[in-house]
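All chains, full assembly: derive it from the sequences and hints.
2 protein chains.
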Amino acid sequence: MTNTNFQAALLALGLDRRGRQPLHTQLTEALRHLILIGQAAPGARLPASRQLALDLSVSRQTALTALDQLIAEGYLETRPGAGTFVARDLPDLAPPAAPGPVGPVPEGPQPLRPFEPGIPDMTLFPHAAWARHLDRAWRRPDPALLDRPDPLGWPPLRAAIAAHLAAWRGIACAAGQVVITSGAVETFELLAHAAFRPGEAVLTEEPGYAPMRRALRRAGLGTTPMPVDGDGALLPEGSDARGAIVTPSRHHPTGMTMPLPRRLALLDWAQRSAAWVIEDDYDSEFRYTGAPLPALASLAAEWTIYVGSFSKLLSPALRLGYFVVPAALLTPVRAALAETGPRASLVPQPALARFMESGEFATHLRRMRRIYGQRQKVLRAALARHLPDHLTAPPDPSGMHLLCGIGPALRGLSDTEIAAEAAEAGISLRALSAYWPGGAGPQGLILGYAGFAPERIEAAVIRLTAALRTA
Amino acid sequence: MTNTNFQAALLALGLDRRGRQPLHTQLTEALRHLILIGQAAPGARLPASRQLALDLSVSRQTALTALDQLIAEGYLETRPGAGTFVARDLPDLAPPAAPGPVGPVPEGPQPLRPFEPGIPDMTLFPHAAWARHLDRAWRRPDPALLDRPDPLGWPPLRAAIAAHLAAWRGIACAAGQVVITSGAVETFELLAHAAFRPGEAVLTEEPGYAPMRRALRRAGLGTTPMPVDGDGALLPEGSDARGAIVTPSRHHPTGMTMPLPRRLALLDWAQRSAAWVIEDDYDSEFRYTGAPLPALASLAAEWTIYVGSFSKLLSPALRLGYFVVPAALLTPVRAALAETGPRASLVPQPALARFMESGEFATHLRRMRRIYGQRQKVLRAALARHLPDHLTAPPDPSGMHLLCGIGPALRGLSDTEIAAEAAEAGISLRALSAYWPGGAGPQGLILGYAGFAPERIEAAVIRLTAALRTA
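Which chain is which? The protein sequence lines are A and B, in order.
Residue numbering for the first sequence follows full-length UniProt numbering, beginning at 1 and increasing consecutively.
Residue numbering for the second sequence follows full-length UniProt numbering, beginning at 1 and increasing consecutively.
A few of these clues could be false.
[To be verified] DEER-style ranges, computed between Cβ atoms: (1) B/ASP55 to A/ARG411: 57 to 63 Å; (2) A/ILE71 to B/LEU260: 18 to 24 Å; (3) A/SER358 to B/GLN51: 32 to 38 Å; (4) B/ARG88 to A/ARG140: 47 to 53 Å; (5) B/PRO236 to A/GLY81: 44 to 50 Å; (6) B/PRO408 to A/ILE71: 45 to 51 Å; (7) B/ARG139 to A/GLN51: 47 to 53 Å.
These are calculated hints, taken from the structure and not from any lab test.
The beta-carbon is built from N, C-alpha and C at its ideal position, and this holds for glycine as well.
Right under this line is the structure:
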């Protein structure tokens, strides 16, 4: 960095003579910027103020004011009789900007591949309406949005969720019982601290949602597996667990619905044991045929905690989920949130509240239900046409993925081997057996269809056919 | 819920004859809605299709199509010879909406009171520009925003942060080294898993930021206190700690800057011990006089992790923070994020990226620096005028709060007693001693000024004066 470069940079300074900022302020900021980006090395000498004024066509007073300001800020220093210099004690500010050697940077995530499950089609999200709500919510924000945020979430969103649960799931709750989170894993972390004591055990479905189980263990809880039979999770005899986490609307990943008698037995156990039932109801809005069974939270609100999320209903990019707690748990939930700090951004919350209040959310869900129902039909028809002896795909009354059986043409191959063949062809199949510990589960393949347009589903089945016919 | 109510609700159905949806679809949805909101009790009888068609002025085919659809979905059932009825097995859908008794709901957070520290003035946030960026980012979103999000954050935002750090802090890093989080506590949780092994010890400043220490302990790390003297944190002799978390730009809460020799000693220790230095640089952009000292991350990028946040620079409601890691840590950071899932919403990220790229962010920071500097002067002048013998407030070259000494007029009162007197008058003072374990720290009071307009600062000092004069 030579003095000459600095002089050249100085001469190239563009000051806006019609700008709103006074010229001396512009000059101060421009000089500071040159120093900060390393165009002026520590110790470099500046032109005298008279010369600087001439070079830049500003008054000498303007030049002096700018230099004085930077001397006061410590960016410049004067040496009596010698002139003005870039301060020597700014070693951090010398040659920045050019990234240093950083070594190999690991790859980011791969684009979505068919048939990855659990992912909504984000291209169908009503972006224009959403952008309008964001703009309206934040252009002249409600003053309450600018005060201390309630860690439990934006109150109108909590009210809109309570109204949604009443209309869609028959759950009667007050807005004050709804807690906004950044998604299901944060929900389980908070509940681990708010509803249980360290070392207590919680029943979790096996197979089930592994990130939830790991979140509970990280929080110091024990997890006791509940085996899952054809009717859903089974209560172990004589368990001393303080809670049970279940997916009664649609078991993850098998998709089965827990029948009413088993629901009632679970609630009966919870009442007798003074335990919590945590109902993870992650996508029950996508039901294509038949009526939903009652939510546990609608049958026994006092000892049920209801967990929902917008990741599948709208987009995982929102990072918004929620849970509904009995009033008795609100104080410990506040304490848990005070400990970790809230994670859910306030930015989308007022927009989502308006999107729900306006009815656009319900319209969107109905539209997605229709589209995803069609996509399931497209996938089943394509599999029946191209791979009738390879994969059997019974219809599924709800959800976002199909659970397929393995047909005679693939006899001798395990589900993990089939998934590996498909992966070679760029197709994502999930092996059902891998959801059990040690991969010891029943054989089957999970094919998500919700996130993919019909033509993409067709093309992927054709690619899959080529891969499996040679397998 | 009588049959009569249901009939009335049926007659009141508004079908949109010019709507885009066919009439039979509208009727299906309207009937389903009546059932879902409990206007149609299970077992209620529906009018015959011919009567329904007449009542609603639709064709009989339209009425039949709607009824057939709801029978297929399970909401209605037919009894041969008796007619069509709301299905009896929908117990959850019966009488929702009216919230049940929920017991006392604890209070939400109180509005901000002067002089709470660490809070920016959110009314000065450039909302119109922000709303415009949100609208532009989401109205026709970049297709990459609709694919699988990178858990490390939106790449253009990571690039904008790298450019900001180069210009403002002299830190040379690649965009790929920047990781977006929902704030500092999540940052420390991720680092606890990515940079350390369970049971390892980390040095933390005492006093220091307590939520950070607790996050490390929750993650299974040990924390070893580093005492803080007049020059900042002191390295303990012979520590086997694997890292140190420090606030060299501005120690929390005393506000002192760590001098260069001690910074170099810390980096030397880290190099010799192969330990990480985690530099928590939470508000160094707000510096009113003098030049900033070099960021540790600009001196020794290979073993320094830099932690920043937008909570103080813009708004805590964004829930956006970040950290910069050496490339060697990127793989374990990805693994830690895969475990917890990302928490930072994608919604504000493209808007913030544009806000930074356009230069509006830098302009906002400079504006806030000017305003907060003035507010510090206003607070000091008001204290000098009204409480010259009660509180001494030396000027502070940076930050968002003043650390005041206790004057002779309050002799005999501890800082916690003074804070309690002030709280009675609706004024928030923080006792310095309470930042040390057991409240054993030096006496002093912390007064945040950034979040409060000058007239509010004046009025609050007058209220405080009345409270302390009678104390």
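Cross-check of the supplied hints:
1. B/ASP55 to A/ARG411: 57 to 63 Å: holds, 59 Å
2. A/ILE71 to B/LEU260: 18 to 24 Å: Given about 20 Å between the Cβ atoms, the range holds.
3. A/SER358 to B/GLN51: 32 to 38 Å: holds, 34 Å
4. B/ARG88 to A/ARG140: 47 to 53 Å: holds, 50 Å
5. B/PRO236 to A/GLY81: 44 to 50 Å: holds, 48 Å
6. B/PRO408 to A/ILE71: 45 to 51 Å: With a Cβ separation near 37 Å, B/PRO408 and A/ILE71 fall outside 45 to 51 Å, so the hint is violated.
7. B/ARG139 to A/GLN51: 47 to 53 Å: holds, 51 Å
Checked against the numbered hints listed earlier, the structure breaks hint 6 alone; every other hint is satisfied.
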